[in-house]
Each structure stands twice: as C-alpha cells, then as structure tokens.
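Enquirer: Each chain, letter by letter, is given below.
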Amino acid sequence: MQEVMIPVRLFFSKTGRAKYISHLDTMRTFTRAFRRTSLPLWYTQGFNPHLYMTFPLPLALGVESLREAVDFRLVQEMDFQRVADEMAAVLPPGFGVVEVAPPVMPASAIAWAEYEIRLAYPEQEREAMLFALEGLFDKPSIDVVKKTKKGETLTDIRPHAALLDCKVDENGLWMRVRLAAGSTLNISPQLLLEAFQKHTRPADSVKILRTAILDAERNPFA
Amino acid sequence: MSLEARLEPILEQVQKPARYIGGELNSVVKDPSRVSVRYALCFPDLYEIGMSHLGMKILYSIKNKREDIWCERVFAPAADMEAKMREHQIPLYGLESLEPIAGFDFIGFSLQYELCYTTVLNMLDLAGLPVRSKDRKSLAPIVMAGGPCACNPEPLADFVDLFVLGEGEEVNLELIDLYKQAKEEHWSKEEYLRRASHIPGVYVPSLYQVTYREDGTVREIVPLDGAPARVTKRIIQNLDRVEFPESFVVPFIDIVHDRSMLEVQRGCIRGCRFCQAGFIYRPIRDKRPETLNRDALNLSRTSGYDEVSLTSLSTSDYLGLEELLDQMLPWTEEQQINIALPSLRIDNCSEKLMAQIAKVRKSGLTFAPEAGTQRLRDAINKNLTEEEILSTCRAAFRSGYTAVKLYFMIGLPTETMEDVAGIADLAQKVVDTFYRMPEKPKGKGVQVTVSVSCFVPKPFTPFEFEPQDTPEQLREKQKHLLAHVRSRKISVKYHDSDTSVLEAVLARGDRRLCPVLESAWRAGSRLDGWGEHFSMERWNQAFAQHGLDPAFYAHRRRDYGEVVPWSHLDYGVSRRFLIAENKKAWKSAVTPNCRERCSGCGAAALYSDGEVKPPCKK
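As given, the protein sequences belong to chains A and B, one line each in that order. One gets the numbering used here by counting positions in the first sequence from 1 and adding 412 to each. Note that the numbering used here numbers the second sequence so that position 358 is 340, with each residue one more than the last.
It is possible that some hints are incorrect.
DEER-style ranges, computed between Cβ atoms [to be verified]: (1) B:220 - A:458: 38 to 48 Å; (2) A:458 - B:414: 49 to 59 Å; (3) B:540 - A:561: 54 to 64 Å; (4) B:49 - A:519: 42 to 52 Å; (5) B:155 - A:450: 32 to 42 Å; (6) A:561 - B:468: 50 to 60 Å; (7) B:522 - A:564: 40 to 50 Å; (8) A:490 - B:15: 56 to 66 Å; (9) A:489 - B:280: 24 to 34 Å; (10) B:50 - A:561: 33 to 43 Å.
Derived DSBU-like pairs: lysine-lysine, alpha-carbon spacing no greater than 35 Å straight-line [claimed, not checked]: (11) B:411 - B:387; (12) A:610 - B:12; (13) B:565 - A:561; (14) A:551 - A:579; (15) A:619 - B:-2.
Derived from the structure by calculation, the hints contain no laboratory data. All of these numbers come straight from a predicted model, not from anything done at the bench. Glycine included, every Cβ here is placed at the ideal spot set by N, Cα and C.
Only chain A is shown next, with the shape it has when bound in the complex:
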C-alpha cells in the first residue's frame, strides 16, 4: 500500500512557567498533546512504532522563546489551520501555536539564533555594566571554556556572537544578541553570559528570550 506522508512544521512559543520544562520533558509534552488530538499522525514503522517528531533546534531549560519549531508527519492531506487549532486546544499553558506550515528549509540550514537578554542590577551599577558589556564586544576575541562531550575546550566565541543592541532599562541591562546556532556549532546565551560575568558580578536575575531562528543568510528559519 502506497502511503502518503506529509511533512509538517509547527512553530510554537514557550513562555512563562513553561520555560522550566526541559527539552526532554517538552518532547514528552508534545507526544502526549499529539495523542490527544484526532490528527492522522505518522508513526515509525519499526517493531515498536512510535510517533515521529523532531525538534530542529532544542531550547535550553530556563529560556523562553517566541518561535520554536517541531517537525512531524501526517498520513493524509489536511488543512493546516485545522492542525493549528487542534494543537492549540490540547497544549498545556505556556505553549502557544504560532504557525503551521510545510517545512521549507532542512534543520541543517539553521545557523543563527537571536535572543533578548535582561540582566537585573541595582540602579547605580547599570551604566558600568553597560560599559563592561560594550567593552566585551570591543575585544578581538572572547575566550570561554566550552563543555562538550569530549571534555572542556577553550573556544573564542567572538566570531560567533554579535551584539545587536543594548541599553540600560528600568531593571538593569537589556541586550539583543545574535549567536551561532545549530547542530555543528551552538553558542548558548548562558555561555555568553559566563564570559561577561567572568569580570563582572552576577546579575540579580537573568531573563532570556529567544526571538528568532535564522539561516546563514539571516533569513527566518522556515
């Protein structure tokens, strides 16, 4: 029997309390959410069939996001708006459906991600922190210890990081950064903060929001 198999990419937001849900738990959350819908989902065809589902770029625990992606497959043609509606109805609070579309780019196209980072400091320290942040990006290199599966390596993240905007706001420091992302080289915002806080005191609180996932030409991942 010839089976149709329609690849689908669902873009979703993960905000508020949902930021405390780890990637592994997010996968489980989606598996169960899918099972609560009536969508004709494609299961793997092995001895133990399971729901096919992949996340092109996992999100770290504690980070919120406006636009994450999850890929899955349907076994019959279906209006994507209905897919979006059904999923929106079954996802737990904190997860929102942004868009459902056919995948345009492969996951390997992902090259960058943009973040907004808010660091809280007492009022009298904010200007100095802004100065320190700009100073960090003025340097020719930013060396950090990156932990990988093979051990710790000293990495220069300066070529893989861009400070797009920064200012003092009512809580402390606000910045917008673009960091290398993807399966080959991934610079987490926590790694950048580690480099920043090597010479400054830790912020009173840290809020990180992923705003976009981009390809090498900085087009939105689609």
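With chain A's structure known, arrange chain B on it following the hints.
Expert: This is chain B only, laid out in the frame that chain A set:
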C-alpha cells in the same frame, strides 16, 4: 511581590524546577473569590512519588468537581529547594495558585508509609504553621490526614487535628460541609473537632486520653467530651457508583508511574498474614468491566498517555479481567496504547494473560514468593506452591522472558535459617528450570534477581503481636542467604535494616513517640525514606532524649490481651480473627481465600444493609 515572581530566581538554581511550578495539563485553576473552601492536598514526599499516587488523583478530582471547593496539590520540596525556600522565606504553596497554604481552610496529608512522618512536620513548618495541633488556635487551617498509616496514627496524634480512617471519597466532603457550617456560625476549632468526631470514620486524637502502665504498655484509652469509644473505618459501598477521575494531571517531568491507572477492585481475597493492605482494605469490592472500560477511555482521551495500568492488590484475582481485556483491546490496539498488568499472582496467571503482558513488556517478570520454603509460605498464608512458581517461570521463559525478579522477605515470624537458605535454593531451581528447558531461548542466559526486604510487623495483621528481628539478626540472615547462593545467574539485593526498624517502631508506636518525632525532625530528619537523608543515629538520640527504647516498640512480643495503641480504632477485621490467624501461623496452617470459603474475619459488617455482595456475607 507575588510568590511567583519571588520564586523565579530560585527555580533557576534547583534541580527539576518543573516540580515546583504547576501549570500541568488538567490541573485545576479556579477563581479564589468564587470558592468558599481552599484545600491543600499534601503528599509528604517528592513530586515524582506523590504524583504517581492514585488516591491523590481521586481526592483531587472529587473535591474540584464541587464548585465551592478549590483543591490544590502540594508536595515536599527536595533538599535543594527547601534550602532556597528557607533562605528566601518562601512559604510552602499550592501548585495551582502559587499561594501560601497557611491561609487555606484545610491541609490534608496522605500517609502512605511511616517514614514520611517527619516530612509531615517539615511541610507544616515550611508552611509557616506551628507543628503541634494545640499551638494552632484558629479554626483554619484544619490539619487532617488519611491513608493506610491512619490505622495507627498515634505517633502523629499531637500534630494532626483529625484523621480519616478508611476510604476518603465521601467523608472528605462531609468534613468540608461541616467546616462550612463552622465558618458561618463562627465555631471554635475545638467545637468543630468535637462535632467532626461524630462523623463515622473521623478520629480526633485530642478527644482521647491515653494512660500507660509501669511497663510502658497502654493501660486505657478514654474518650472525652462525648467522642465515640470506637471509631470505625469508612468504606465505599459500591465502587461502580463512586466518582472516578475523568482526567489526570499530566506532569511535565518523568514520574514513577506515568500512565493512566484504573482501580479494578479494592481489598484482597488472599489474607497473606504479613500484608497490612490485605486486611485494612477489606472487604473485597470490584468494579464492573463496563465502568472500567469507560474510565480507561476517559483517561486516555484526556491525558494522551500511551499506557493504562489495571491496578489493585492482586489484579489476577479480578473476576472480570478477561471480559475487561476483551472490551479494551480493540481500541487500545488501534490507538497504540499498552495495557499494563501489575500485581499478578503466580498461581492464576494464565498463559493467555502471560501472552498479553508479553505484548507490553519483554524485559522482565516480577513475582513475589515472599518466603523460600513451603513451610514458611504456609505460615504466612501465601498459598503458593513451589511447583506453581516453577511452572509459571517455565511459561514465562517459553514466551521469551530471560529475566525474572523474585521478591522475598527475611525476618518473618517462625522463620529459621533453613527457611533463609531456602530462598537461595528456590532461586537456584528457577535457574535450573531455565537450563533444563529444551525450548529455552537460544544463545541467551537467564538472570534471576532476588530482592530481599526486612519484614515489618504492622497493626491489624495477624503478625501485629510479633517481635521484629533485631538488625543483628537480620544482618546474620542476609549473610546466611548470600553464603547459599551458588550461581552467578542469581543476584541478591537487600534493603537496609535500620529503616525497617524505624518503620516497625512508628507502625506500632503510641503517643509517647510524638516528642521523639519532633526532636528527630528538629535535628534534621526528613524524607527518611530516601537513603541519603536517613540517619538512625539522629533517631536514636531522639529516643534517648525522651527516655524511650525503640526495641520496646520493634522487638517486643505483645500478649493477645494487651491494649494496643490502636485498640479504639476498628477496621472491620476482628481482633479475635487476628489472634486465630496468628495461632494458625505458628502451626503453619493455611486459611482459604475469601472466594473459597468465608473465614468470618468480620469485615462483612462494614457493608450497610442491602449492599452485601459475594464473596462477603454478613
């Protein structure tokens, strides 16, 4: 600043923050201004344990079904979170509202095992409340507790305002209704407790005066202020008509039992003499397959779980099992949902059933012979023969299993070193059975895991009179067992004997243990069931501080005539029956199960008129 905002910086610094934020699918959020009773349903252990407990789900659902009640879940924080909460002065809060539970109307604890008692005190303290009942003067919050340990709640008598004996579905709502009246009419806490004590199944410890003899045993338990002389546990007369959740709160993180659960029956027909559950949940009552199939459909639809478990104390004794499986199989197979069948007995686990389980899990099979020799299995009334054990293992091996886990206990009453060695012999026979099978799976070895726990005598069992083995005796028996294991195909795991002693002390303890409990908690004891937190030394110091000897509670034989600390509590099963069963144990005489012949334990009297069902007769 809201509690949620104050939690934020802390949650970034603790393990598994999703334990502490709520917001799970199917968790119930209500408008606080539109409810009249706030209830904190507390489980004195970590989220992963408490969220796996079916009783919590049932009580959560029953209360929240009522518009005037908002019931929230509360679990014990792990050590890292507790430290952060204390450092930042964040009180214990409900997971649904993220509001402090000190301001709630009820705080109810589920007491599933004795080692959670210090955690109960710790949770009250984290909530910002005095741990002692008499120091909480106002009507709210009423601190209540239920669950199996409520059958002898005396070690908690000074801390908990009232206990619910038996099944909670109805009595919880009766207590809440009485409370609403109390609030309207401005009763004192004493007045509320006095009136609550007249609700069947409600035990108010402050309304009973306990006196002791010189030798430390109880002299007398006197009811005060018109409280009933005996408190009888509550049962649900008809399980088909009682509410069962249509949905479960679906956790984000991995918990111990992360699946839909059905309760096919309550009680057990078997009467294994060591098993408290087998006596305190009598009489046996079951649900119709149609009811269970409906429950299963509801849960699967609302949760998205891909597994549904048919739970009870002994699921293969459920008479409707094959009919239920026939109803469930078509839709569960279509939706790729597994049916899990825990708690099967060896003697009636048919090959058809075995094939059904094999579809679900191919990894291993677990059986509980409990004792190594026929003589001891008869003494504990396990009613299981060696041939039944071996033939079941043979059937399991034939259907492809190569790993078997066998559960045993050491320290059982009447046990000899011969019985201990018998455990190793039985495990060896299982190994031999595998290798003698011509049709054994090719190229595979067999693995027999022997898991040995230490017997703890419990109230309301025929062994409530028995002394527990001392840790020295238990260690001696562990050594003896190890010395008898000859095959590398057998691996032996055993439990810590110190925690078993503490469990035995608390299980049959009296009110004099309240200050001991408080001292042990103040010295740092909590989450005692977790090895990394437990310290026997801390407990021993607490016993010494209050001049009490744990051996008095754990290792002493009780006369049949002794007034036990739970003498005023009635679980249906008569003391006369327990004594008769104890005597039979010492003669290694077995008692037939409830379906073969009624032995007149007394639990049938718990049925109200017109609800008497076979196999129980009045």
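Enquirer: Against each hint, give a clear statement of whether it holds in the structure.
Expert: Consistency of the hints with the structure:
no.	hint	in the structure
1	B:220 - A:458: 38 to 48 Å	holds (45 Å)
2	A:458 - B:414: 49 to 59 Å	violated (36 Å)
3	B:540 - A:561: 54 to 64 Å	holds (60 Å)
4	B:49 - A:519: 42 to 52 Å	holds (48 Å)
5	B:155 - A:450: 32 to 42 Å	holds (36 Å)
6	A:561 - B:468: 50 to 60 Å	violated (42 Å)
7	B:522 - A:564: 40 to 50 Å	holds (45 Å)
8	A:490 - B:15: 56 to 66 Å	violated (42 Å)
9	A:489 - B:280: 24 to 34 Å	holds (31 Å)
10	B:50 - A:561: 33 to 43 Å	violated (55 Å)
11	B:411 - B:387	holds (14 Å)
12	A:610 - B:12	violated (45 Å)
13	B:565 - A:561	violated (63 Å)
14	A:551 - A:579	holds (19 Å)
15	A:619 - B:-2	holds (18 Å)
Checked against the numbered hints listed earlier, the structure breaks hints 2, 6, 8, 10, 12 and 13; every other hint is satisfied.
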